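The residues making up each chain are set out below.
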Amino acid sequence: MTEAQMQMNEPEAHFGADASAARRETGPVILDLKNISLSFGGVRALTDISFDVRQHEIRAIIGPNGAGKSSMLNVINGVYRPQQGQITYRGEVRKNMDCHAAAKSGIARTFQNIALFKGMTVLDNIMTGRNLKMKSNFLMQALYWGPARREEIAHRIKAEEIIDFLEIQAIRKTPVGRLPYGLQKRVELGRALAAEPEILLLDEPMAGMNVEEKQDMCRFILDVNDQFGTTIVLIEHDMGVVMDISDRVVVLDYGKKIGDGTPDEVRCNQDVINAYLGVACS
Amino acid sequence: QPAEQYIALPSYRVGPYAAGGSGFYGGIIDYFNLVNLSGGVNGVKISWEECETEYNPSRGVECYERLKTKNGGATLVEPLSTGVAYGILDRLAVDKIPMTMIGYGRSDAANGKVFPYVFPLITSYWNQAAAMIKYLGDKEGGMAKLKGKKIVHLYHDSAFGKEPLPVLEALSKQYGFELIKIPVTPPGSEQQSQWLQIRQAKPDHVILWGWGSMNAVAIKTAQRNGFPREKILGVWWAGSEEDTVPTGDAAKGYSAMTFNTPGNYPVMDEIRKKLYDAGKGNMADPARIGSVYHMRGVSAAILWVEAMRTAQEKFGKGKRITGEQMRWGLENLNVDESRQKAIGVFGMLPVVKTSCDDHEGSGAVKVQQWDGKKWNAITPNWIVGDKALTRKLLEESSAAYAAEKKITPACAK
Amino acid sequence: MTTAAPYLSVNNVEVIYDHVILVLKGVSLQVPQGKIVALLGANGAGKSTTLKTISTLLRGERGDVTKGEVQFKGERIDQLTPNELVRRGLSQVMEGRHCFGHLTIEENLLTGAYTRSTSRSELKASLEKVYHYFPRLRERRSSQAGYTSGGEQQMCAIGRALMAKPSMILLDEPSMGIAPQIVEEIFGIVKDLNSKENVSFLLAEQNTSIALRYADFGYILENGRVVMEGAAADLSCNEDVKEFYLGVSGAGRKSFRDMKFYRRRKRWLA
Amino acid sequence: MFMNFFFEVLIGGLLSGVMYALVAIGFVLIYKASGVFNFAQGAMVYFAALTCVGVMDKLGVSLWIALPITVAVMIVLGLAIERVVLRPLVNQPEITLFMATIGLAFFIEGLAQLMFGAQVRKLELPIEDVPWQYLMDHYNILVSQFDIMAAAVCGLLVTSLALLFSKTKIGRALRAVADDHQAALAVGIPLQRIWAVLWAVAGIVALVAGLLWGARNGVQFALTFVALKALPVLILGGFTSMPGAIVGGLIIGASEKLAEVYIGPMVGGGIEGWFPYVLALLFLLVRPEGLFGEKIIRRI
Amino acid sequence: MLYREAGQFKTSYQADGQIFPIMQDRIALLALLAVAIVFVPLLASPYVLSAILIPFLIFSLAAIGLNILTGYAGQLSLGTAAFMAVGAFASYNFILRIPGLPVLVAFVLGGLSAALVGIAFGLPSLRIRGFYLAAATLATQFFVVWCLTKIPYLTNYSTSGVITAQPIVIFGYNFDTPDRKYLLVLAVVAVMALLAKNMIRSNVGRSWMAVRDMDVAAEVIGFRLMRTKLLAFAVSSFYCGVAGALYAYAYLGTVEPEAYNLDLSFRILFMIIIGGVGSVLGSFLGAAFIVLLPVLLNVVAHSLTLPTSVASNLELMVFGALIIFFLIVEPHGLARLWQIGKEKLRLWPFPH
Ligand SMILES: Nc1ncnc2c1ncn2[C@@H]1O[C@H](COP(=O)(O)OP(=O)(O)OP(=O)(O)O)[C@@H](O)[C@H]1O
Ligand SMILES: Nc1ncnc2c1ncn2[C@@H]1O[C@H](COP(=O)(O)OP(=O)(O)OP(=O)(O)O)[C@@H](O)[C@H]1O
Ligand SMILES: [Mg+2]
Ligand SMILES: [Mg+2]
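Residue numbers (my numbering), protein chains in the order written: chain A, 1 to 282; chain B, 1 to 413; chain C, 1 to 270; chain D, 1 to 300; chain E, 1 to 352.
Think of the hints as simulated: they come from the structure by calculation, not from any bench.
Misleading hints may appear alongside valid ones.
Restricting the straight-line Cα-Cα distance to at most 25 Å, the calculated cross-link-like pairs of lysine-lysine (DSS-like) are [unchecked claim]:
#: 1; chain 1: B; residue 1: 231; chain 2: B; residue 2: 181
#: 2; chain 1: D; residue 1: 122; chain 2: B; residue 2: 373
#: 3; chain 1: B; residue 1: 374; chain 2: D; residue 2: 295
#: 4; chain 1: A; residue 1: 173; chain 2: E; residue 2: 344
#: 5; chain 1: D; residue 1: 295; chain 2: A; residue 2: 118
#: 6; chain 1: B; residue 1: 147; chain 2: B; residue 2: 202
#: 7; chain 1: D; residue 1: 295; chain 2: B; residue 2: 373
Quantities reported herein were computed from a predicted structural model and do not represent experimental measurements.
All chains should be modelled from the sequences, with the hints used to inform the complete structure.
This is the structure in structure tokens:
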């Protein structure tokens, strides 16, 4: 093995080594999932899963492919309705919540297979994220006059803040369909942020990025978490990222929960190692 | 530069009704060419321009607008399409261009006091419907025999098919026959259920008020359901070769109305000899000379040329007449038997004599029957229905139109 | 790179999208027979575009090759149809999965063998091989691909390309969305095919560390130009590559949490 | 008597439905292969029928000689369409391809009439469109023998096409193409060749439909409208399914006739124009992909 | 002379949110409007006004309507003509039955009636998509025309179902000549196009496009699918309804329900696809293409002294071929072609 290769192996070997030091204070439980089960026909995507998310924390969900991670997010924001289980959000038991209601109550998300509006520009995509905050009706918007216009501009200012924050000023007016994958992911994050959510669900936000871009993305996530106090639920396959930035990690495998705890605890959980990590903790 | 009489022809030679269009306009142009070959009308040659409407009202209006100002202004227009005719109806009086609607369009337009520029020449739908009932009554052996009979009105479910309803309803009341109305949704390429209904009703006669491909389908479907074709009587738009040829033998015995007596006439021979033999015929297929649509086109052209002649008598021979003068010519038309003989079309069309009150000028029709190869007239005489009734309806309807449009009925000078 | 004659070579290609967007500005690269070549570069550098140029899939996206040529086994291929390329042994795994959503996983795999006219048993053997590589696919073999998870679709896309028994595979971000263990396995498969069946690979990859670990050569693309090339081992020793692609600077690897500033990469060429 | 009439209407409807299905098959073929609704199908039906009678007329040959010539023409047409229209439009949005088929429809209509004129023509098949005497005599039920033949032809077509497409490589490839052109190309499916073949086959199906409809209604421009009759059949049966075309055709045919006969008179008649659409629409509310259509995958 | 963005800095989002952010475009548009209002009525012949410009504007309006539904909200519809018919016949009835009702109000009411019908027939769109929906919208087309032929009340008991549009009188001023009608139509179309543009650049428009591009994601973000789609149907039908009323009142005069047949629906659809799906400008370009091209071809074909039937058929073929040609050159329609032209101009003289 060359020296370089040794170095490259290194990160996996001792990820998160220095990260455990300064865990932040997190708030009370904001989202509590109890005994969630979800199946599609014969496929059991989730079986009896319980976990909670505390305010202001970064909560990671990891697990092998097809473990049910994305399905879990879909349950949280109401795209799928679990056959069993109970979801308590901000102290209230949620019944029959659809995704619109979830959005209204402050849950925003990004998607694994980018779900941007391909025909629209970056700016418009981000503006769609603010739709729930728009008050004027369509007639006023048609006239584009008075309050409607003021409102539009006010929201535009917010959108521009996000654009600045994510450093995508240069592509503001580009149709998103033409953007490279990594930038699309960033725009999608921007759209979710535009809703000023309480909980932000991120489905593999760093897939398809190189290290530098991942670093940027991590920075964005951490900043959102710090500056706006947004709670973040994150799915990611890059263990370096997960172990470094998350406060607690839940591990799924075949729709079952096999681990839950701080990154360090999870890292050394034998089930998790067998099912997913493949590398023993050091 | 000798004067030319310019006529606008918004025609259609593609699309669903192309077959009719090419025959009709072919006939018109053939006759124009014939007239021009013999030096025109008192030396005034006829010029014309065609424009493809595809039977589409909006394209038809564009064509009309485009054609009307060309060559010093059109002096006559004929779109052979109800939709197009309606689209330009309001513009005619402003533009002072008369329009003929030979055998179609609104029947009440025969009232020249309300529609000075519109000429539903020869016969309107109302008079035709009346004539059909007359014919059926005669066939039964007198109008009184119609009592208790069942007559189906199988119609194209559109303005065209509904036009004769007032007449048929009035007559059904008057003579006591049962009128069963069965609509066919355009284009009418499937009529199984209608014909099953007809078979079920066991009518004595079926009036086929169809148009385009609906006719052939009707005849074919009658055959497949074993309904005798002899009991079917078509409107004149259901009485051309285009309607019967595609059905093969199925149409044998089927009869339909016409305002042209099928047969050969000197004028057709001339067209054949002077035009087609010289390669100047308008239609691609010389076999269509003398076909129903072609004959109808020739008839239309004859009436126009006669109107020109009449107008020239009054406004100056050998001069190009204006649209207004043409209108006068059309309003004072008298194509009687001697005139017909002179032209070489004696008996081909009824006598047409117009006036301000009567822009139709005739109202007489014949019945023709398909023998499997060609149409043959089966009524030796021209039939005229209850004109008093249609006159009454006409007055009512045109008065309503005049009121709506705020027109004071009056004869134009 | 003198070890072998170029199996695939891309010469000075220029690509324009939509008649106005110039994306590749003269890219040249070679893949020697039986080697693994990595194509690295940031988002939007033009990696996918390069691969699509080779596989002539660009046409469907309103991209035009305005300059340059592509040769495979010594013949020009830029005018061929993708079907013909697959027949000649060149397969592509497209970025973003592109599974046939309405087909089941197994049907997806079978379409991969479309160009092969082999016996049923051989087909079965190929299928078994893919299932052996990706056991997860075996479990989901009869689900419609549209309803499988992201990673499963990615496996399906790779498996589908393998079904054609190609001699050269273009892989566009195979590791995207795949669990780390499987990523290792995928690269293991790549190495395996490479050494046992002499399959050549050109892979566009963001996971630089693993790509350089398995590749023989590497090219680094920036803004539509090749800015650096060399043996994989050399590249991974390069300080710039280390810092910007591998995330290890002089002081060793830094935690993602501690990146206090957005770091701006130095551009080799403007 | 009442029941007898009911059955007549029902059978008549079912057989009309077969005629609709015949046209619908052509649509299914193209939709399967490209996910696109082929607006030009009606024009192709007209073109095929007109070419056949045109050839008979112009060359003075019998149907049996004109038929293979027309088949050849339809194949050439299919190949040309692929080469000139479809190949440059690979991977374009469906609506673009749809529009291209509209352009194609105009072109084909113009071409057909330019070559053979716009006259209405007679087409006589060796089987007559008259009631089948046997059924008439024994059961007093009226069924045209022509319809029986049409049903047989249609059944044959559907079975063979369905067999061809169900389990074979080609069938799979077609579904793949409809899902994703780009990926289909990437796995080496010869999109161009498949399209060419399918359009040629669609041309031949159009010919069959054209002959049967043409024999019934005369070969005339209105043949292009029979497509309208096939549409509700398609949405009911599912755009992608051969058996769907048949089943949909039967349902639509029977129900529209029954509706026209039993409901029509109450509302002034002429409901055949919209009834099938409304029926299909109501049905779609329950099954948005039609009876046998592939389920639309909506997932995030 | 130079077409550049450079040097035009926007100092506020308001300025950036303008419909035409580049100054040259704004000037060009104003100039165009000025020409359309002042010079065209003076210079254009009655033929150009009444046979080309008026239908062009009316079709543009209908195309904008369809574009809102199909281009922006992604719901393919083949029932445009039906909504136009509702607008026309409703306006006719309102004027007929409410004495003294101003014509423009009647047009608005006609549009609203069309909007109601649109909502009713838009309901299935909540479950049905794509070509299935398109085929299902044909139900609207046939059903509406059927109603108009079957319900005598709607056509004021005219036996044949034909109606004659009342004269357009606004504040005692009779719009009866081509130039007056043209100005009226121009005003209506210009105002409505502006309103459409406004909607499209605000939240409604974004909601439509979001639903078009990915409806599940739109829902997750908080758009209500039902409301958004139905609003698109309503607004679109409103536009079509007004266009239909203008078609009857300012163009045809006397109409039968058949004038609003499937053929017309298709023509409007052609317009937006040729012009550009999801582009207001495209609606105008497409309408111009579909209105002008046949006229042009007709003139050319007839000046070639071909036999008329040959000319007519060639015309049809060339029309079809040109549609295909344009799609191949630019699948996103004339509007995109225009845009690319502008982008090239912006870069000019450098190729990229
Ligand atoms: N269809 C298209 N139309 C216009 N521009 C495009 C198109 N596809 C790609 N581009 C542009 O081409 C450039 C290169 O894109 P490409 O997808 O090749 O990058 P990449 O290196 O693969 O990036 P990533 O790592 O994100 O996949 C990008 O700037 C992108 O915006
Ligand atoms: N709508 C659905 N219908 C049927 N099966 C589904 C559906 N959604 C998910 N599944 C199945 O449920 C399982 C879990 O899927 P999920 O997308 O949640 O996995 P994941 O953990 O996100 O995997 P990956 O890391 O590969 O994205 C998979 O096997 C998938 O095939
Ligand atoms: Mg997932
Ligand atoms: Mg890429």
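Hint check results:
| no. | hint | in the structure |
| --- | --- | --- |
| 1 | B/231 to B/181 | 16 Å, holds |
| 2 | D/122 to B/373 | 12 Å, holds |
| 3 | B/374 to D/295 | 55 Å, violated |
| 4 | A/173 to E/344 | 17 Å, holds |
| 5 | D/295 to A/118 | 23 Å, holds |
| 6 | B/147 to B/202 | 15 Å, holds |
| 7 | D/295 to B/373 | 54 Å, violated |
Hint compliance for this structure: hints 3 and 7 are not met, and every other hint is.
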